[in-house]
Amino acid sequence: MNATADASGLRIRGLRKAYGAVLALRELDLDVERGSIHGLLGGNGSGKSTLAKIISGAVVPDAGVITLDGVAVTASRPADALANGIVITYQELSLLPSLSVRDNLVLGRIPGGVFRSRAETIALTDDALAAVGLGELDGETLVAELPQNVRYMLEFAKAILWRPRVLIVDEITSALYRDNVATVSETLRRLRDQGTAIIFIGHRMGEILDLCDRVSVLRNGRITAGFDAATTTEEELLTEMIGRPLAEARAASAVDVVADGPRVLRLRDFPTPAQPGTIDLDVHAGRVVGIAGLQGQGQRELLRALFGLHGSAHFELDGEDVTVRSPHSAVRRGIAYVSGDRGPEGTFAIRSLGENLTVTSDLVLRRRIARPKAVLESLGVRFARVGQPISSLSGGNQQKIVLGRWLATSPRLLLADDATKGVDVAARRELHRLLVDLAAEGAAVVFASSDEEELVEVVGTDPGSVIHVVYRGAVVRTLRGDEISVERVIEASLPVTSGRTPQ
Amino acid sequence: MTRILGALRTSSTPAIVLFAVTFALTAVVNPRFLSPVGQTNFFGSYLPLVLVAMAMAVIMVTGGIDLSLGAVMTLVNVVFITLVGHGVPVVLAVAAGVLAALAVGAVNGLLVSAGRIPPLLATLGTMFVVNGICLTVMPVSGGSAPTEMVAGYASGIAYIPVALIAVVAAIAAWVVFSRTKLSLRMYAVGGDATAAYASGLAVPRVTWLSYVIGAGIASVAAMALTANVATGGPDIAGTYTMSAIAAAVIGGVALSGGTGSPVGAVFGALFLGLISNLVLSLGISSYFVSAVTGAVVLAGIVLTSLVRRDSALLSWRRTAAPQSPSAQEGAPA
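Sequence order for the protein chains is A and B. Once you know that position 307 of the first sequence is 307 in the UniProt record's numbering, the rest is easy, because the numbers rise by one and skip nothing. Once you know that position 89 of the second sequence is 89 in the UniProt record's numbering, the rest is easy, because the numbers rise by one and skip nothing.
There may be inaccurate statements among the hints.
[To be verified] A few chain B residues facing chain A, derived, Cβ under 8 Å:
no.	residue
1	Ala20
2	Thr22
3	Phe23
4	Ala27
5	Asn30
6	Arg179
7	Thr180
8	Lys181
9	Leu184
10	Ala188
11	Gly191
12	Asp192
13	Ala193
14	Tyr197
15	Leu201
16	Pro204
The set of hints was computed from the structure by calculation and includes no laboratory data. Note that beta-carbon positions come from the ideal geometry of N, C-alpha and C, so glycine has one too.
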């Protein structure tokens with residue numbers, strides 16, 4: 001990817017962005033021509049979202065230059081990027097449900113002087129709606145009354161209103177896209193033919209090859225290769241994404257054939273919240289079962305549903321049919337849930353270490369922890385006083401206490417939801433040890449992580465090790481024993497061909 | 001037909017219905033209520049609340065709240081009465097009062113937008129400061145408003161009370177304002193500041209303007225109050241803050257921002273006024289009036305919340321399942 005003298009199009013040079021110690025982008029270079037659709041592929045944590053956010057002004061880079069047609073366009077807020085004609089369609093929609101379709105579409109650049117020009121608004125929005133195949137839609141309808149897939153198309157109509165010179169389409173998890181593939185493709189091709197430089201971030205390689213003119217692969221915060229879409233195969237792309245040749249695929253079922261310890265959790269046709277699929281899953285005592293998949297495929301929702309965070313859930317626990325109505329009832333049934341979102345869902349920031357440790361056992365189960373200091377020490381927490389506020393500790397030590405809180409309830413089933421997110425390597429190891437120890441004592445652990453290396457490390461490759469790969473809320477592949485490897489987990493996570501998707 | 005019904009089902013409708021019913025009830029219970037004097041008294045007494053409720057609604061629609069509005073009204077009152085007492089021309093005294101209010105609004109807006117301080121805390125703080133300033137300007141109640149102003153306020157044009165005309169004018173002013181770009185931006189910022197920011201709006205500026213405009217409207221409310229009570233006092237309008245919030249909520253303005261209209265708040269305020277009126281004309285002990293009024297207001301708030309229940313459920317579903325795209329599969333595109 002050489003820097004060319006040609007000034008036309010989007011040129012990104014030496015883009016760098018770090019979040020704490022984690023480098024999200026390192027010296028990234030990318031060229032996107034006007035009048036072309038450029039696909040971006042990459043696994044979890046490859047830096048795609050960071051790149052999209054930087055180009056669209058939502059995140060400021062640490063270093064690097066972005067030029068459009070030879071003019072610097074590095075933006076520090078979305079309004080600046082929009083003013084330069086750089087538009088992003090958000091998959092977590094940027095629409096306001098309480099406003100009408102028309103009002104939403106023109107929001108960033110309302111026509112008129114002090115007063116709004118109604119005639120101009122109607123003319124502009126009618127054109128944009130027609131351009132995305134929504135010509136029949138009444139522009140005065142409130143967005144709240146529209147189904148999600150129509151709202152999704154409105155994002156495109158909104159983008160078109162800005163007459164984008166650069167359009168970024170971020171598809172990471174979008175199930176919406178599938179309902180509108182034809183219209184979206186047609187819209188994007190028309191914009192391309194009008195000279196827009198389009199960056200399409202996606203996962204479904206077949207569709208990307210079909211839609212895009214060029215495809216670049218992102219790995220570890222860098223563009224590792226660029227391909228001409230016309231002459232590239234899905235296999236080539238996948239190999240580039242994983243960084244190694246493909247492993248052969250094997251069909252498998254999530255239902256255990258070989259039983260080991262007593263079965264703690266049994267799910268059959270368990271509906272994954274907000275996803276089309278259902279889950280069949282067995283977890284036995286003494287096991288850490290891994291849950292893998294692209295971000296946003298329902299892993300998190302599954303775990304939260306089992307903990308009663310998505311309303312009543314029915315499933316089999318220890319051979320009994322149970323109904324979990326709320327986290328309170330989940331705790332009383334011996335279920336624990338550790339979220340990686342420590343701030344909102346784990347710690348009581350201004351309260352002491354002791355209080356954070358004992359809150360669940362003391363207040364819910366009325367089981368006192370006799371010596372919190374000894375427990376904190378056994379958790380490997382580095383602290384001065386039991387009474388110091390938890391916010392004075394590092395993220396890793398805080399998370400040890402959150403996990404310790406649940407260990408103190410002696411759970412039958414522990415659900416770990418990206419539980420080591422944002423934790424340093426050493427603390428991560430200790431958290432893993434605590435989880436494995438809990439399983440060794442006879443509990444069942446479900447360990448979901450978007451970091452494939454971590455999953456493989458924790459679950460292991462013993463004969464009884466299992467990782468279930470989830471896509472659109474269903475288990476699409478189960479890896480066992482020595483089939484487990486980082487490459488296979490990544491490969492199984494990606495919807496290579498349309499045949500892979502459930503339904 | 002469904003279109004017409006749809007147009008009637010606005011956020012302001014419950015408050016308008018409550019107002020109409022209570023108005024009729026009051027007219028039946030108290031025959032003098034409909035007389036020119038009765039009407040002049042009623043609208044004269046409640047125009048200040050109508051206006052400050054609109055001010056509160058403008059700020060709430062943009063996603064904030066302003067606990068200092070009552071104090072701002074007091075400030076305008078004491079500045080105006082004091083200056084007039086020193087022989088300053090009325091026009092200049094009014095200007096001074098309005099400028100003082102705008103200054104407080106500008107500070108509130110800066111604290112919330114640039115300072116990122118929660119509106120409840122920021123405006124609670126300025127409320128105390130402004131109260132202190134009021135006491136310094138006018139330690140004890142006293143002074144008097146110009147007689148022409150007081151007489152003019154209590155007069156009528158062709159039997160229509162001036163205060164009622166002012167209420168209609170206020171509604172008309174909002175209808176005009178609602179056609180500005182700024183009004184749409186306020187609803188957007190109040191609805192979801194993040195989405196508004198991502199759509200390219202200058203969110204801090206819109207937030208700031210809402211506090212300045214709110215304070216400006218409150219200063220007009222203060223002038224109405226001054227004309228009605230004809231005097232000044234360092235705590236003359238303190239109770240207006242909470243009444244304004246209640247009126248706005250009854251009027252269909254959500255505490256969470258982004259929905260409702262100041263027009264609804266107007267009728268919410270008039271409903272509050274009618275309730276006090278009704279309770280008094282029923283001959284209930286004046287010591288107990290406040291409790292009865294409170295209970296009816298609470299019922300009014302519950303009622304309007306229930307009417308809004310369907311839209312509230314809609315927004316609840318949206319927050320409960322932010323990633324529920326596929327739940328809608330098969331819906332018409």
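*Is the shortest C-beta separation between B:Gly191 and chain A less than 8 Å?*
Holds: closest Cβ of chain A sits about 4 Å from B:Gly191, inside 8 Å.
*Is the hint on B:Thr180 kept, meaning its closest Cβ partner in chain A is under 8 Å away?*
For B:Thr180, the interface hint holds, since the closest Cβ of chain A sits about 5 Å away, which is under 8 Å.
*Restraint outcome when B:Ala193 is required to lie within 8 Å of chain A by C-beta distance*: Violated, because the Cβ-Cβ distance from B:Ala193 to chain A comes to roughly 10 Å (cut-off 8 Å).
*asked:* Using the nearest Cβ pair, does B:Asn30 come within less than 8 Å of chain A?
replied: violated (40 Å)
*Should the interface hint for B:Ala188 be scored as holding, given a Cβ-Cβ cut-off of 8 Å against chain A?*
It holds, given that the least Cβ distance between B:Ala188 and chain A is near 6 Å, below 8 Å.
*Closer than 8 Å between Cβ atoms is the bar; does B:Lys181 clear it against chain A? Give me holds or violated.*
holds (4 Å)
_Hint B:Tyr197 vs chain A: min CB-CB distance below 8 Å?_
B:Tyr197 check passes; min Cβ-Cβ to chain A is 6 Å, inside 8 Å.
*Are B:Asp192 and chain A close enough, Cβ to Cβ, to be under 8 Å, as the hint says?*
holds (5 Å)
*Minimum Cβ distance from B:Leu201 to chain A below 8 Å?*
For B:Leu201, the interface hint holds, since the closest Cβ of chain A sits about 7 Å away, which is under 8 Å.
*Close enough to count: is the Cβ of B:Ala20 nearer than 8 Å to one in chain A?*
violated (26 Å)
*Under 8 Å, Cβ to Cβ, is where B:Arg179 needs to be relative to chain A, so tell me if that hint holds or is violated.*
Check passed: Cβ of B:Arg179 comes within 5 Å of chain A, closer than 8 Å.
_Interface hint status, B:Ala27 versus chain A (Cβ within 8 Å)_ = violated (36 Å)
In this structure, the earlier hints numbered 1, 2, 3, 4, 5, 13 and 16 are contradicted, and the remaining ones agree with it.
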